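2 protein chains.
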Amino acid sequence: MGIAQPNALQDLYSQMAVRMAAEPPMDLPGLRDMLEGLQVLAAEPTDVNYADVDAGGVHAILVTPADARTDRVIVYAHGGGGVTGSSASHRKLAGHLAKAAGTQALVPDYRLAPENPFPAAIQDLVAVHRWLRSEGYAPEATAVAGDSAGGNLSISTVLKLRELGEPLPAAIIGFSPWLDMEVAGETMTSNADSDAIISPEVSGMMAAMYLGETAPVEALCNPLYADLTGMSPLFASAGDAETLLDNAQRIVERARAAGVDATLEVQPGQQHVYLFMAGRSKEADETIANAAAWLKERLGR
Amino acid sequence: MGIAQPNALQDLYSQMAVRMAAEPPMDLPGLRDMLEGLQVLAAEPTDVNYADVDAGGVHAILVTPADARTDRVIVYAHGGGGVTGSSASHRKLAGHLAKAAGTQALVPDYRLAPENPFPAAIQDLVAVHRWLRSEGYAPEATAVAGDSAGGNLSISTVLKLRELGEPLPAAIIGFSPWLDMEVAGETMTSNADSDAIISPEVSGMMAAMYLGETAPVEALCNPLYADLTGMSPLFASAGDAETLLDNAQRIVERARAAGVDATLEVQPGQQHVYLFMAGRSKEADETIANAAAWLKERLGR
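Each protein sequence line maps, in turn, to chains G and L.
The first sequence begins at 1 in the numbering used here and counts up one residue at a time.
The second sequence begins at 1 in the numbering used here and counts up one residue at a time.
If we strip away everything but chain G, and leave its shape as in the complex, we get:
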């Protein structure tokens, strides 16, 4: 089984990149279907219960590890450019994180662009947080986490909650966060050869769909432009082979400059969202363990 090999993610990304570059271009349903296939990489986390829930009008999977505290929950926003991905593509990843953190995870199927561009996904995630409060989850026992676009959405949802004067979750985890909607940044160029999937073209295509009419410098879609003062503590990780590496680096720098408790983890040689290898690679498991330990110290009850 190739999925247990160290290079499985890089190999799969390379195959996907070839398919995305083919003519005629892949249509959106094909792109969505293809990227769902990333789910194959993670090992099945054992002793985890899954249940469909209606989280304030948003379908989600509630992930409950056998020994988890059921008064603690991580809202896990899947990645995929805000255009692809689902609770199914990220079920196992969320399961590994929840197990390590000793919490539940909730994986919402927020609305996707371009049918529902920015800020539809953020609205859905705000609705999910309100639903959690109505279900009795304390905000200080709640965290947000996500990979790629889900890292962006985790931060922007917290910023939106702050703007609305609603209580903030205790912590934010962003795995390979995709923040720079201008597709700028040094590593977008310097890591172009080592990143197997995220080229300027791919990032730009996703950003155009996600943003719709919104400018790429608007703070709520591009947290690199946001005032981060008072934001919940942040853990960000990235692989050093990623074109998006400096998205994680820059948001941690900016958070620290704004007085936010912020931690950066960079894994050598790793690709975008190397966490897809959860249960299969040392690096994915290390980052999950580190993020979970960091989170446990910040969950307030």
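Keep in mind that the hints were calculated from the coordinates and are not lab data.
Please note that a few of the clues may not be correct.
[As the list claims (entries may be wrong)] Pair by pair, the computed Cβ-Cβ distance ranges are:
hint : chain 1 : residue 1 : chain 2 : residue 2 : range
1    : L       : 47        : G       : 25        : 42 to 48 Å
2    : G       : 214       : L       : 47        : 38 to 44 Å
3    : L       : 227       : G       : 67        : 49 to 55 Å
4    : G       : 212       : L       : 268       : 42 to 48 Å
5    : G       : 21        : L       : 21        : 22 to 28 Å
6    : L       : 18        : G       : 70        : 41 to 47 Å
7    : L       : 286       : G       : 256       : 30 to 36 Å
8    : G       : 114       : L       : 293       : 46 to 52 Å
9    : G       : 18        : L       : 201       : 25 to 31 Å
[Claimed, not checked] To list a few chain L residues with every Cβ distance to chain G over 10 Å, as calculated:
hint : residue
10   : 19
11   : 43
12   : 46
13   : 49
14   : 168
15   : 184
16   : 190
17   : 214
18   : 215
19   : 227
20   : 240
21   : 266
Note that the structure is a prediction, hence the values are computed from the model and not measured.
For glycine and all other residues, C-beta sits at the position ideal for the given N, C-alpha and C.
Assemble the complex: chain G is given as a structure, and chain L must be docked to it using the hints.
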């Protein structure tokens, strides 16, 4: 969420049929990705544990409901023409069946055609049965089940085990079994308008890939031509909107004629593998309940 609607399967099949008919034709990776999407339909079965296992060299997911007997197991062969599908696309379906039957289920990722045409999948399933015996599962506490091509493989694996003189599982369940590799049969024509996905073209395309050089009348790839004498008891179901309806009808007739204990369930108005709606539709849940009750009476220990 459309997935909870009664017509969700038919709607999804109709969208898939349009995509398959488009020009240029969908390539095989695209077809595989698309059909994986059927997994979205079933509800998450709660209180089920999943684990990756190496089942005699074949990757599989071992599905263990909380209250299940762990000395009983259903080998669940996923459908998809022998060309598509996986343990992921059928995880939830297998979970619902295992819960209803009070058993474990094992969902193997047998090798797919055209890279590995007939009889590679059957060889893999035979290896899985040998592995189960080596793990201490008694053949009389083992069943086989599958949908579409997986229904075919379930029957053909039992016929292969019989040919090899190895012990047979206690029972066979085929949901909408796809057996007729000649793409003949009355309902292939008479239900052409009501079946949303399986046309003669689709069935023929899949059969050509699955068979490779093998003739469509060879008994082990087309159980309608097999001598079924001494085969394990058979439960077959189909929807009466299916072009493959008479595949289920004919195998049950032939099994009875050969003295095999065989049961047919036909659900009115239902599409191919309406079991994808497990946990979402009355008809899917009824068939699962009936198949499970039937199975419990036949498992020998």
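Status of the hints after comparison with the structure:
1. L:47 with G:25: 42 to 48 Å: Once the Cβ atoms are compared, 43 Å apart, the range 42 to 48 Å for residue 25 of chain G and residue 47 of chain L holds.
2. G:214 with L:47: 38 to 44 Å: holds (43 Å)
3. L:227 with G:67: 49 to 55 Å: holds (53 Å)
4. G:212 with L:268: 42 to 48 Å: holds (44 Å)
5. G:21 with L:21: 22 to 28 Å: holds (25 Å)
6. L:18 with G:70: 41 to 47 Å: The hint (41 to 47 Å, Cβ to Cβ) holds, given that residue 18 of chain L and residue 70 of chain G are roughly 43 Å apart.
7. L:286 with G:256: 30 to 36 Å: Violated - the Cβ-Cβ distance for residue 286 of chain L and residue 256 of chain G, about 59 Å, lies outside 30 to 36 Å.
8. G:114 with L:293: 46 to 52 Å: holds (47 Å)
9. G:18 with L:201: 25 to 31 Å: holds (28 Å)
10. 19: Incorrect as stated: the minimum Cβ-Cβ distance to chain G is 7 Å, not above 10 Å.
11. 43: Nearest chain G Cβ is 5 Å from residue 43 of chain L, so the label is violated.
12. 46: Violated, since 5 Å does not exceed 10 Å.
13. 49: Label violated. Min Cβ-Cβ 6 Å, cutoff 10 Å.
14. 168: The assertion about residue 168 of chain L holds, with a minimum of 28 Å to chain G.
15. 184: holds (32 Å)
16. 190: Given a closest Cβ separation of 31 Å, the condition holds.
17. 214: Its Cβ never comes within 10 Å of chain G, the nearest being 26 Å, so this holds.
18. 215: holds (32 Å)
19. 227: Correct as stated: the minimum Cβ-Cβ distance to chain G is 36 Å, above 10 Å.
20. 240: Residue 240 of chain L is indeed farther than 10 Å from all Cβ atoms of chain G, at 29 Å.
21. 266: Holds: least Cβ distance 29 Å, greater than 10 Å.
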